[in-house]
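Here are the chains, one letter per residue:
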Amino acid sequence: MAEPLLSIRELQSGYGDVTVLWSIDLDVSEGEIVCIVGSNGAGKTTLLRTISGVVRASAGAITFAGRDVVGFEPDVILGAGIAHVPEGRRLFRGLSVRDNLLLGAHLRHDRAGIARDLDFVFGVFPVLRERKLQDATTLSGGEQQMCALGRGIMSKPKLLMIDELSLGLAPQAVERMSEALREINRAGITLLLVEQDVATAFDLAHHAFVIEQGKVAIHGEARALAADPKIRQAYMGI
Amino acid sequence: MMDRMPARDRIGFMLVGLGAITFALTPWIGGNYLVRFTTSTCLFITMALSWNFIGGYARYPSFATAAFFGLGAYAGAIAQTRGLAMPGAWLFAAVFTAIFAASLGSVILRLRGHYFAVGSFAIVEILRLGASSWHGLTGGGSGLNVPILPGGPEFASRVFLYSMLALALVTFVAAIWVDRSSLGFGLRCIRQNESAASMLGIDVDRLKIIAFVLSATFVGAGGAIYASWVSYIDPTDSFQILLTIKVPVMVLLGGAGTLFGPLIGVLAFQVLEERIWSSFLEIHSGVLGLVIVVLVFCLPGGLLAVPYRDMFGRLSFLRRETVP
Amino acid sequence: MRAIDEGLARRRPMIDLQVILNGVVLGGLYACVAVGFSLVWGVLNVINLLHGSLIVLGAYLAYLAFTALGLHPFLSLPLVATVLLAFGYLLQRHVLNHVMTEPVLVTLVLTFGLDLLLYNALVLCFTATPRRIVLDLGRIEIADVVLPVDRLAAMLLALALTGLLYCLLRGSRLGRAIVAVRMDRDAAILMGIRPRDVYAVTFGIGALMAGAAGCLIAVVFPFSPGLAETLLGKSFVVCVLGGLGTVPGALAGGLALGLIESVFGVWLGPQNANIIAFAVLLLVLLLRPAGLVGRAGFE
Amino acid sequence: MTAILEVEGISRSFGGVRAVDGVTLRLLPGEIVGLIGPNGAGKTTLVNLMTGVLRPSSGVVRFSGRDVTRQKPHQASQRGIARTFQIVQPFPEMTVLENVAAGALFAAKAPTIAAAKAQARRHIDFVGLGALADQRASALTLPDRKRLELAKSIAMNPRVLLLDEVNAGLNSGEIDSALDLIRRISAQGVTILIIEHLMKVVFSLSHRILVLHHGALISEGTPDAVARDERVIEAYLGTRFAERQGRTGHG
Chain D
1 MAEPLLSIRE LQSGYGDVTV LWSIDLDVSE GEIVCIVGSN GAGKTTLLRT ISGVVRASAG
61 AITFAGRDVV GFEPDVILGA GIAHVPEGRR LFRGLSVRDN LLLGAHLRHD RAGIARDLDF
121 VFGVFPVLRE RKLQDATTLS GGEQQMCALG RGIMSKPKLL MIDELSLGLA PQAVERMSEA
181 LREINRAGIT LLLVEQDVAT AFDLAHHAFV IEQGKVAIHG EARALAADPK IRQAYMGI
Chain P
1001 MMDRMPARDR IGFMLVGLGA ITFALTPWIG GNYLVRFTTS TCLFITMALS WNFIGGYARY
1061 PSFATAAFFG LGAYAGAIAQ TRGLAMPGAW LFAAVFTAIF AASLGSVILR LRGHYFAVGS
1121 FAIVEILRLG ASSWHGLTGG GSGLNVPILP GGPEFASRVF LYSMLALALV TFVAAIWVDR
1181 SSLGFGLRCI RQNESAASML GIDVDRLKII AFVLSATFVG AGGAIYASWV SYIDPTDSFQ
1241 ILLTIKVPVM VLLGGAGTLF GPLIGVLAFQ VLEERIWSSF LEIHSGVLGL VIVVLVFCLP
1301 GGLLAVPYRD MFGRLSFLRR ETVP
Chain V
2001 MRAIDEGLAR RRPMIDLQVI LNGVVLGGLY ACVAVGFSLV WGVLNVINLL HGSLIVLGAY
2061 LAYLAFTALG LHPFLSLPLV ATVLLAFGYL LQRHVLNHVM TEPVLVTLVL TFGLDLLLYN
2121 ALVLCFTATP RRIVLDLGRI EIADVVLPVD RLAAMLLALA LTGLLYCLLR GSRLGRAIVA
2181 VRMDRDAAIL MGIRPRDVYA VTFGIGALMA GAAGCLIAVV FPFSPGLAET LLGKSFVVCV
2241 LGGLGTVPGA LAGGLALGLI ESVFGVWLGP QNANIIAFAV LLLVLLLRPA GLVGRAGFE
Chain L
3001 MTAILEVEGI SRSFGGVRAV DGVTLRLLPG EIVGLIGPNG AGKTTLVNLM TGVLRPSSGV
3061 VRFSGRDVTR QKPHQASQRG IARTFQIVQP FPEMTVLENV AAGALFAAKA PTIAAAKAQA
3121 RRHIDFVGLG ALADQRASAL TLPDRKRLEL AKSIAMNPRV LLLDEVNAGL NSGEIDSALD
3181 LIRRISAQGV TILIIEHLMK VVFSLSHRIL VLHHGALISE GTPDAVARDE RVIEAYLGTR
3241 FAERQGRTGH G
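These protein sequences, in sequence, are chains D, P, V and L. The numbering of the first sequence is this note's numbering, which starts it at 1 and goes up by one. The numbering of the second sequence is this note's numbering, which starts it at 1001 and goes up by one. The numbering of the third sequence is this note's numbering, which starts it at 2001 and goes up by one. The numbering of the fourth sequence is this note's numbering, which starts it at 3001 and goes up by one.
Note that these hints are calculated values from the structure, not bench results. All of these numbers come straight from a predicted model, not from anything done at the bench. For each residue, glycine too, the CB sits at the ideal point set by N, CA and C. Hints should not be assumed to be uniformly reliable.
Example chain P residues on the side facing chain L (calculated, C-beta under 10 Å, incomplete) [stated by the list, open to error]:
hint, residue
1, Cys1189
2, Met1199
3, Asp1203
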């Protein structure tokens, strides 16, 4: 079997002496869509933040494209090809949609490539082209999520991690966003999603991981897991 | 905090007592210059201890010291020129400054961090400009003459020395009280986490205003004594931006939020400044700047926090003893 | 600044076009004086008490270039600004960067200490005697309104420089990074931006704008090291009035201060106009901490 | 029985978003009530409204039958409403003893600092931190900081204790001893409202569960009933997933 694109072993991480992730093992193969679900406080966001280098891992290994990426600064990890779309979009107020997108390409210097990717983003989300000069934080919730996704794509990542894609979005918007994610995935970007809407996540993903109290409780093919009563147990504790 | 290191505290109080006696004896030890130096040192001790209430215990970065000083100086001077006896004028100045601080504090203490600092700076500016504009009351930019104390210069210099010394001692007693009372306890809680403090039942607004008023009252009295002492005040001298920063620097030098820190800071600073002032007049402010930079980088907790115990293991009496 | 205001006060005490125009000219200069201070405060969350002295340093450098090399201050401006950019960058990187997470009091005290050092160096090098670069370019008179050309030119240059900074922040990769760090530091990190680098560059730009403003001040007002305190005070007022960290904010605050000074200067005398300026500062601080045009920044 | 703490029709909006929307709840003396709900349900906002940190846009808060809607946080704690924070907030420069004494002094109105410290010692022993009383709070490990937080709040001599995620970040052994402690506090007659992510914890501890979703109470009842409530499952797992699981469950 081919080497996975992202491989995490016995990862432990947290804030100060507050341990959130106790021991995480997780693989993402190239070209896949993988989702992580789990109840509040299980450590999903912390996992993404540890992968992107914002939070320091206290133990364990993260290998990306055959390269050890634990302990590096976020810009190095982004440069290696891992982009992180944070929860709550976190668009920059006072900057236009276009400027927000260009900030995603901050580390790149290939003008032609940036222009091409900007076109790609506008192709996936035409509404962003229409609004490209508008202050990004004045967009609707769904459009802001598109902009945040686009900003992630602009770094030309191999792996795009998305935290809480559907949070606060109307069902139709979630549907559109799922479609867009499939298109992005077809364009060759591997996706790692953290989702609270379990059905959306399982519909999209090839593989799913359920995290409970900082550990992987269940994992497997998303389709198989979707009917598994253990999922509900992991959430509800009963 | 009450039961912390009684040995160290005892030594501290003994040294303060010795220091006060030495200060009181300066007219017999040295000349006019030394007496003047001691008088101004007492003034700085008063201001540093006062600033410590709000800036040290509560860690609100107040730069209003010069405002209280100038206000007290003008209140005292004006009261004296209008015929109030000197001690009465000083008392009036203290009360006036306290009332001013209470009303100002209820508004300005809502600000935090930089905004509080800027607000307190602005008070100094406004008062300085006000003092130079209001000719009828303050004499404007040309200043105000205060009646000279009769009895000759030597007598006067002693009166002011003992007045300033008494004020410094009163302030120190107030500082001891604050340090040991629930007020000081509450302020220390506010310093570390204001919202957690209020959740613990601390009326943070009230405590902050009390600390702010305390930080003003004695400074106001000090300003009034200063005005009588130098018998002439003007706006730029009374509301000095330099003063408003120098006092916090002194406290930081000794150790903010502690009882003895301000005393040590003032003494160290005064001696240092005296050395620098007398030997290198030209680079006086530059060296002061250098002292500040060194202070920030090498003595972040002030002189009191330096681990002397580790440096001089033999001085075991300095070791912290905790009552079980 | 006082001299001009007093000149104004001697004219008839009436608010006319001349007064407004004077306010606008003054306001343009103030915007340029304060914009670097505002940027540093907004992005780094540090009040740079050195700012006034950096402006005066710029003025002296322009003066030196003018007297020693005969270089026109408007021509030496890019040089002076570059020198200050380097100075500011290094100062932040190697000194201020170590106290970025300390309480407000510490950064304030440290920049004050550095300011004393710089002030003393200025006095040693240039003495306390007021200097001025006299260009004497004549004056423009239209109807009742009189404007000295050097002052008008300085104001236009000030606005142009402020506009340039605006374009830099809006339209360049670096500018976007600065705005991103100001708006959301954590999200900026996810864009691969290193806030430490941005802090150093931003402080450098703040110093650059101070140097440029110094070159303009040198042409318009007599200056000495003591002017630093006045300029710092103006920067505070502009910053609080306009809101932190944005060019439009500084512009609005600068114009507001310029107009307050010239209008109230006529009504109440220049001294009282300053009281009004600081009183307005205090009011804005208490009622609208985000400034007249700004939105909430730090704290 | 009269409620010790009750809120009636309480609402609070932030910039047009209703964080808490018309919530009514009553805490009876001596009970342990669990408050659960997905991320952003408004749990912490609700606690803030009950302790005077936030003012409600509408609605009433009553303590022992008395209207306390407009109280300030320090008044709430002096009345006997104590709370812990999601992120523990000890005073780092103070010792464990001083931290706890602060609660005894200011909220429980101990007459002197010495008396407050004497009281504090008892509470510190009660939570099992006796050996660390003179340690600086900043030197404590996370489980000990959580204990300290509990000691601080019982030092306030509360009648109602609002626990906001006291167990976040603890491992299962540590959680068990924290639960034991909470039960012992409850046994002293303190009414407890516990907010928790960890269902197991709330379910094993609480007499009664309230479920908050989008700022409104959507379910209330025994742990078992709540865990099987379709609305609760929807809130946690998403509507579509709940539907599907419901289908597979029934057929």
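For each hint, the structure was consulted:
no. : hint    : result
1   : Cys1189 : holds, 5 Å
2   : Met1199 : holds, 5 Å
3   : Asp1203 : holds, 5 Å
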